[in-house]
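*Asks:* Per our numbering: the sequence shown = residues 4 to 82.
Any given hint could turn out to be false.
[To be verified] Okay, derived cross-link-like pairs now, SDA-like style, lysine to any residue, Cα gap no bigger than 20 Å in a straight line:
| no. | residue 1 | residue 2 |
| --- | --- | --- |
| 1 | K54 | I18 |
| 2 | K30 | K54 |
| 3 | K27 | E64 |
| 4 | K73 | R19 |
| 5 | K73 | G51 |
| 6 | K54 | S15 |
| 7 | K50 | T72 |
[To be verified] Label-pair restraints from in silico Cβ distances:
| no. | residue 1 | residue 2 | range |
| --- | --- | --- | --- |
| 8 | I46 | E80 | 19 to 29 Å |
| 9 | K50 | I22 | 11 to 21 Å |
| 10 | I35 | G60 | 11 to 21 Å |
| 11 | R67 | R38 | 12 to 22 Å |
No lab work stands behind these hints, which were simulated from the structure alone.
We put the CB at the ideal spot given by N, CA and C, even for glycine.
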Amino acid sequence: KDALPQMPLERSEVIRAVIVRTCKEFKCEDGIIIRYDDNAAVIIDQKGNPKGTRVFGAIAEELRELNFTKIVSLAPEVL
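Model the full assembly from the supplied sequences, consistent with the hints where possible.
*Replies:* Dropping the structure here:
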């Protein structure tokens with residue numbers, strides 16, 4: 004799926020975001036290596052709440068441990 008952004012973001016504006024997927028391998032504490040096909044981030048506000056209402060694709064389980072529960076609840080799959 005492709006999202007068509009409706010939020011106005013300026014070209015040189017610095018925004019806060021949480022990286023939810025990376026192409027680089029990530030090794031979990033139990034030894035499992037997780038690698039995604041693309042890089043993805045979720046834009047958040049100052050309080051840590053996501054500005055969007057949809058998240059496409061799977062996200063890592065570690066976001067739940069880092070108290071990003073609203074992002075986890077929007078994701079269709081948590082690995």
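*Asks:* Evaluate each hint against the coordinates.
*Replies:* Hint by hint, here is what the structure shows:
1. K54 to I18: Holds, at roughly 11 Å.
2. K30 to K54: violated, 29 Å
3. K27 to E64: Cα-Cα ~16 Å, so holds.
4. K73 to R19: The hint holds at about 16 Å.
5. K73 to G51: holds, 9 Å
6. K54 to S15: holds, 18 Å
7. K50 to T72: Given pair K50, T72 holds - Cα atoms ~13 Å apart, limit 20 Å.
8. I46 to E80: 19 to 29 Å: Since the Cβ atoms of I46 and E80 sit about 20 Å apart, the hinted range of 19 to 29 Å holds.
9. K50 to I22: 11 to 21 Å: At roughly 18 Å between Cβ atoms, I22 and K50 fall inside 11 to 21 Å, so the hint holds.
10. I35 to G60: 11 to 21 Å: With Cβ atoms ~18 Å apart, the hint holds.
11. R67 to R38: 12 to 22 Å: 20 Å Cβ-Cβ, so the 12 to 22 Å window holds.
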